[in-house]
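**Student:** Residue numbers (my numbering), protein chains in the order written: chain X, 1 to 506; chain Y, 1001 to 1506; chain P, 2001 to 2506; chain U, 3001 to 3506.
Since the hints were made in silico from the structure, they are not lab data. Each residue gets a CB set at the ideal place from its N, CA and C atoms; glycine is no exception. Heads up, some of the hints might be wrong.
[Unchecked claim] Part of the chain Y face toward chain U, derived, beta carbon under 8 Å: (1) 1023; (2) 1148; (3) 1155; (4) 1259; (5) 1485.
[Claimed, not checked] Derived CB-CB ranges, DEER-like: (6) 2487/P / 3487/U: 15 to 21 Å; (7) 3460/U / 2381/P: 25 to 31 Å; (8) 2074/P / 3100/U: 53 to 59 Å; (9) 98/X / 3100/U: 36 to 42 Å.
Protein chains: 4
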Amino acid sequence: MAGVTAGMALSVDEVAKHASKQDCWVIIHGKAYDVTEFMPEHPGGSAIIMKYAGRDATTAFDPIHPPNTLDEYLKKDKHKGTVDMVGVKVEEAELSPEDKVRQDRLQDKPPLAECLSLHDFETVARETMTQAAWAYYSSGSDDEITMRENHLAYQRMWFRPRVMRDVTNVDFSCKMLGTKVSIPIYITATALGKLGHPDGEKNLTWAAAKHDVIQMIPTLASYSFDDIRGAAVDSQTQWMQLYVNKDRAITEKIVKKAEAAGIKGLFITVDAPQLGRREKDMRMKFADTGSNVQQGDGSVDKSQGAARAISSFIDPGLSWKDIPWFKSITKMPLILKGVQCWEDAVMAAEAGCQGVVLSNHGGRQLDFARSGIEILVEVMDELNKRGLNTPKFEVYIDGGVRRAGDVLKAICLGAKGVGIGRPFLYAYSAYGVEGVNRALQLLKDEMEMNMRLIGARTIEELSPEMIDTSALRMRSVGGSDDRLFAQNYEGLRAREFAKPQPRSKL
Amino acid sequence: MAGVTAGMALSVDEVAKHASKQDCWVIIHGKAYDVTEFMPEHPGGSAIIMKYAGRDATTAFDPIHPPNTLDEYLKKDKHKGTVDMVGVKVEEAELSPEDKVRQDRLQDKPPLAECLSLHDFETVARETMTQAAWAYYSSGSDDEITMRENHLAYQRMWFRPRVMRDVTNVDFSCKMLGTKVSIPIYITATALGKLGHPDGEKNLTWAAAKHDVIQMIPTLASYSFDDIRGAAVDSQTQWMQLYVNKDRAITEKIVKKAEAAGIKGLFITVDAPQLGRREKDMRMKFADTGSNVQQGDGSVDKSQGAARAISSFIDPGLSWKDIPWFKSITKMPLILKGVQCWEDAVMAAEAGCQGVVLSNHGGRQLDFARSGIEILVEVMDELNKRGLNTPKFEVYIDGGVRRAGDVLKAICLGAKGVGIGRPFLYAYSAYGVEGVNRALQLLKDEMEMNMRLIGARTIEELSPEMIDTSALRMRSVGGSDDRLFAQNYEGLRAREFAKPQPRSKL
Amino acid sequence: MAGVTAGMALSVDEVAKHASKQDCWVIIHGKAYDVTEFMPEHPGGSAIIMKYAGRDATTAFDPIHPPNTLDEYLKKDKHKGTVDMVGVKVEEAELSPEDKVRQDRLQDKPPLAECLSLHDFETVARETMTQAAWAYYSSGSDDEITMRENHLAYQRMWFRPRVMRDVTNVDFSCKMLGTKVSIPIYITATALGKLGHPDGEKNLTWAAAKHDVIQMIPTLASYSFDDIRGAAVDSQTQWMQLYVNKDRAITEKIVKKAEAAGIKGLFITVDAPQLGRREKDMRMKFADTGSNVQQGDGSVDKSQGAARAISSFIDPGLSWKDIPWFKSITKMPLILKGVQCWEDAVMAAEAGCQGVVLSNHGGRQLDFARSGIEILVEVMDELNKRGLNTPKFEVYIDGGVRRAGDVLKAICLGAKGVGIGRPFLYAYSAYGVEGVNRALQLLKDEMEMNMRLIGARTIEELSPEMIDTSALRMRSVGGSDDRLFAQNYEGLRAREFAKPQPRSKL
Amino acid sequence: MAGVTAGMALSVDEVAKHASKQDCWVIIHGKAYDVTEFMPEHPGGSAIIMKYAGRDATTAFDPIHPPNTLDEYLKKDKHKGTVDMVGVKVEEAELSPEDKVRQDRLQDKPPLAECLSLHDFETVARETMTQAAWAYYSSGSDDEITMRENHLAYQRMWFRPRVMRDVTNVDFSCKMLGTKVSIPIYITATALGKLGHPDGEKNLTWAAAKHDVIQMIPTLASYSFDDIRGAAVDSQTQWMQLYVNKDRAITEKIVKKAEAAGIKGLFITVDAPQLGRREKDMRMKFADTGSNVQQGDGSVDKSQGAARAISSFIDPGLSWKDIPWFKSITKMPLILKGVQCWEDAVMAAEAGCQGVVLSNHGGRQLDFARSGIEILVEVMDELNKRGLNTPKFEVYIDGGVRRAGDVLKAICLGAKGVGIGRPFLYAYSAYGVEGVNRALQLLKDEMEMNMRLIGARTIEELSPEMIDTSALRMRSVGGSDDRLFAQNYEGLRAREFAKPQPRSKL
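Please model the complete structure; the sequences and the hints are all you need to start from.
**Tutor:** In structure tokens, the structure reads:
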């Protein structure tokens, strides 16, 4: 048949024959790939691949993945060769009526200057992003208790500001792993950046350069490492977030490439031996790919669940024993990202790591993991007790930050810096790089004001005494109210007008 | 008159004469029974019996009771003989317009694969069950504070996960009373299983077999003990829940039959000397049977209330003095189900019981009883202090579990296993045995992930240090807000769009 | 002119001349009274009197007051004599369209047998009482925080039930001030009983007799002391609540009359040196009497406020120095009603009182006074420390009780008895005496069950160890939530049906 | 050209040429001013000035500023001379349709006598004020957590009232900085008083005189110091609130003028080295002046943010070193307003100040600053420990007070007096001076009652033992509820009527 001769292009008909779970090919940018074995390892699930089995998947693939992904991660023998695409109609990305409404709404979005806080970007993003992107970015694991707790925990920390200090000049620049930055904030790693905006993670690179902060490059970015590193200006410091591959050779290649490219810190994710279940995202995927109860093909099926678990992308076997090996292959500082109790922070310090990130993966992994800011208090206590709170060991936290006041609380309590993720995704999803720039500027404005108001001129002047942590563990739940009592109680009401009218909204 | 000759069938007209509270017969499966004396002891109340006084009650009886119930529990002289049913129109179960809607809705129910958590089964069940079944299963006592607290208490327990442990292989199998099970969960006893699904408790038996967990057979099942035991596969372990009858001879018969049938544990209910008042269920029964204010015939009337109390089904006289007697009639392990403070757990251990279930009967008995998970902490403390936390004494808990994370918390804190009841009822009410299978699979998937995320490979590696119980007693109430202040406060609102539109729902 | 001759009846025209604040007469049951001096002392405010200035006020007066009120409280020279009412049209009580609707609704009210808890009576009463009555009964002072706290405080107390005790027979009868009662509950004093039902306080007397509980007769009853005492059966114990009059001679007369009539306890109100402001009630009165901004005639005006304060009905000068005098005029046990901290409870015991009622006047006096149940804990502690917790000193509490479980908590913690007020008012407002009877029966049913479930056979077996008071002071407030965060968060939703329909209501 | 001759009036055309950011003149009351340099320092932002660039700004200027503001604060060379306004049409203040509605609604407002608490004034003000005024008065910084906490903190303080004390006569007069006042309340300084009412701050002066309380005159008043001081009666004590100018000569002039005018206390604001961001107010200003995303001209822009920071009106360089200088230029008592932890209160006492105000600027500066009432407890503790709680050092607090009960709590805990701000603004915005008079009278009525009910005859008898502060730090947050659980739970509902109808509103 035409198209199977060696060296000659495959025909689309030939590819179309491989459209089953047992034998599945897809076409990406005019090349065919056999993804049969890969499917169960796909972090996004197998259903979405099966939707394009035997067909051109480029329009679905492009918005999320770096172009070279399959060339890099699939073995050579799975590369089935180029496909003769002449006459093949490119499948247009389907625009649902809902997405249409959403795109129109982009016209109505508030001018950037009227975004007054990080919250505002989230509001705009929520109304204008595709549902798939919103579901992926905004979701957390299980009941999303930890995801919310990450923010709410900051609300239990109160300031003890000092007055009558000359705060004419405030300077909140500081150093992180040796790099001078303008504010103790870094842009943390988040996956699939193109879901929100075509420039994806590069929006973050550009804004980081402009504002003199560090960007952490994610392993699961939509752009390739080279693209993101390439978007940086010469002097710009970037860090690398690492999912450790079961095949340590792949990991070694990634690490050495990063070091060679001038990356200044290696942040090894330790809170994700298995990717968390995020139900909002799963429901979205059902809506997207359809589901088939006869085949029992839900994403949480045993097969699939296990699949996710044994993904070679993320090795559940990663352990303390790997630390010496990492030290043997790189001189970059090693930081463990996802430490969640003081015991592991102490072990990291003793193992010779340069730091930890107290993090629960943005509430996307273990629900009811505690917030970084809560853990920070016990970690600093125990490091201090053991003499491990030294310049050689830096403690970072991430999760739930929305205000410079949140940052200030973390720094007062001993963090070197605070990672922010989702808010910047929302900022560029709504407004591109200018959104991120404004978000960072807002944080700096808030920071400058808050430094003055708390009575500190420099980062060094921030201290634990400036925070009242007495309500630290008062994580409240609610829900156990007396319904009959509440229903019978006729609450006091303000004196009403003859003709009340709804207030206009500010 | 025809029909009263000894040995001959009774006529329906004859039966119809016995239709008063003072003289009440009913027909079940073509046999007449005199239930006059039994009525006040009927756990479901006397009103529902009176509705069928002098008539055929089979269609109302069958959906709830084992067929042989009356033969077993009524004395021989109350068996009035067979009834000539020729020409008698079988009373169709009335299908209310509402139930009609509900049955239609069954067509719209989500595919099973889209049930992502135990919560989803409850949602589907709530929308598709009959109101009577929903009211019976979902209700708790008084203000249902304890019923909700059972779940909410888990929300006050937070994880302290460990990282950098090789969690490639996790194994959460364990032993309960000597039986190896696949996960530290058992299916606890709940009454009236046929209310939700015609296969009733057998759904649970089948799923327990498939998933290698233990089912506890309830005394008040809709199927008979033989039916449920018969549904089990040979190797399958089952336990028996026991309401102790005032007539110890009946109890002895039940216990010996269970032991002979290979039951591996006897769980004596100790938290129900009297059946709790559940107002939702009572309201439902009013709707069902009508009520008559002139007669003062509410279920809580003195007569009826007392009736329930002195039901011979459940002996309020059960006491520690009965333990030696139980030990004398059976070799099965004795476990007290419904212990609610450490003092009684210690007494159970000292009395030679093999274990306790820390339980408040699913919030259906004493409102403001504390949750099992809260009691567990004090019980393990005191057992440890006294050297009673040994392999010979096992502590179980039940109530409020919805996630594998909840199970994990209980196991970390010292429980041997966790009983789950309502969620499985909802699962089969909505989807039959496949619902229970999927519910168990979801729990296993969550369990596997959570074990990895908490950093434990085996049940033995779970420990109290992995739980932060600092908010254990922060049972919150709320309700005392300042209404005028709240009403005057104009909350911050996100920046609004020119034309906001409601988001579609994930 | 006709009508002014001594001994002759006054004409209505003559009375009509006295219709100003400076000179105000009213006609009650055909007699004229000069109430000019009395007006500022009227507990219900002067505005309502002015509405009837110079006119027949009988129809407004009768629903609230004992017929002989004015004869008793007004000096003889204010009795202006009989009025010739021939030809005078009796002013009909105006029935507002709203009250009309309300009366019609009485037809729709649920059958008494379907009232399953004290909450249900409140619901029915709320929908069927006049607005004036609802506003008066249901209101509390200031922001009604204390009024709600009275109930909510019980929600912070949890049970530690004991199991495996023979609870076949439970007996919760006990003694209060020497009187045997069937349950440790008494009917506490509340004012203006006829507002809710024409039989007013007599409903309570009759039900108390039937159920063998004690009624406390209020000073400000709608029926006279003689009427209420007269409604009692011979053997029936009643107590007397006393507002101490500035004129001690009046007080002495009242006390001696009570003792002579066989009253068994004198409860002196000590938490009301001035009547509290209840804004719901005040708004109602504005609606009722109209208000006049020009005259500045609001009830909180300085003049009026002060007036209330110096009302001779309630002497703000009452103090510890009065105790010996009380002891000199009566042998009845003296109990101080309204004690709110342990210091005063100790002083009462040391002053030779027979007891205290820990009460904040149903949340109608000082807002942010603590609940009786909270105070009880510290009071018992301190009495015990000082050896004052003896049979000669009894501690009662009232406020916020809705369930027998609440009663049980108080008794476990050391109270001798619990006063219940509003719920009984609601019960008879909705259903007359039968409502109160059923309310008491419901409490007894709940009590019997709860005694069994907590594992106590007698009142003596109830003990502090049965209550977990660890959340005692966790009075929560709420209201300080992060609005922008909450608004952006898209909560998890249960899986929805294609065609969801609202559930019917149980 | 005509109009530029020295001494001659400018033409409006000439002024119109100066309408850019680089060269901006405005006309106020017929005089032209060059405000180019001033614009960035304008506390209200530059946008509003640019709206009137080159034009007559009088109608916008007058409602907020003292007439002589520009003459006082602008250097002489910026005074460009009088303008020939003949034939110039005065720009009418634009009345939006919404403001029209609002003004009509003033007709419907409740009679003053029906305002029963300070809450009621806020309700009326909210419905009747211009949106700009409401936004300015009612807003707080960031998420307004502190603004609300100021009030909510009082809700965590409970009374321990004493009974049986003769409270016939209560006297709550006291001394503040040597002045006898009728009640321990003062009217604290708030800016821009004319926004709410044409008589602005003078309303407060008049009411303060009538009610014998002290008014603190704000630096940023709408009326000039002379106007406000002039409105006072001879014997009337006033205090002065001071923003310290970078140019200490200006500050010295202000202070000396105040002292000469008989001001009795100098309250130096120490919590505002930079004016807080208040988003409601910012949104309002966007709506008012429009915004221009191209120019990036949002109020939080770097330029503008910095501008606010370096405003010479408020010197961020103010420090403890300035205290001796203040002592050298005035004999008035020096009080630091805005102290927020005990350390600074102690320093103030040691530095020879006569007092502090524990305040967070009404929640308008640093969000998550704690409430004054919470700080008060620790401040009094530490002052007592150090022997600094002497008659020579007085502690005041402000923020969140709405009831006399709040005042009572502060006084019990050791405050000398309590400042109230917003409620009085709302009172006069709604009802002019009579509103403030009634507000003060309501507070006195509440105070008199509460003194009686707590059992204190004089301010001296109020003591810390009368307050239960055990819930002091239980600042609750909420928000972390289990949504799926809550959604599935079918709450108990009161028994419903056949035909329920909404209750009318009291």
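**Student:** Now look at each hint and say whether the structure bears it out.
**Tutor:** Consistency of the hints with the structure:
no.	hint	verdict
1	1023	33 Å, violated
2	1148	7 Å, holds
3	1155	6 Å, holds
4	1259	39 Å, violated
5	1485	6 Å, holds
6	2487/P / 3487/U: 15 to 21 Å	18 Å, holds
7	3460/U / 2381/P: 25 to 31 Å	29 Å, holds
8	2074/P / 3100/U: 53 to 59 Å	55 Å, holds
9	98/X / 3100/U: 36 to 42 Å	39 Å, holds
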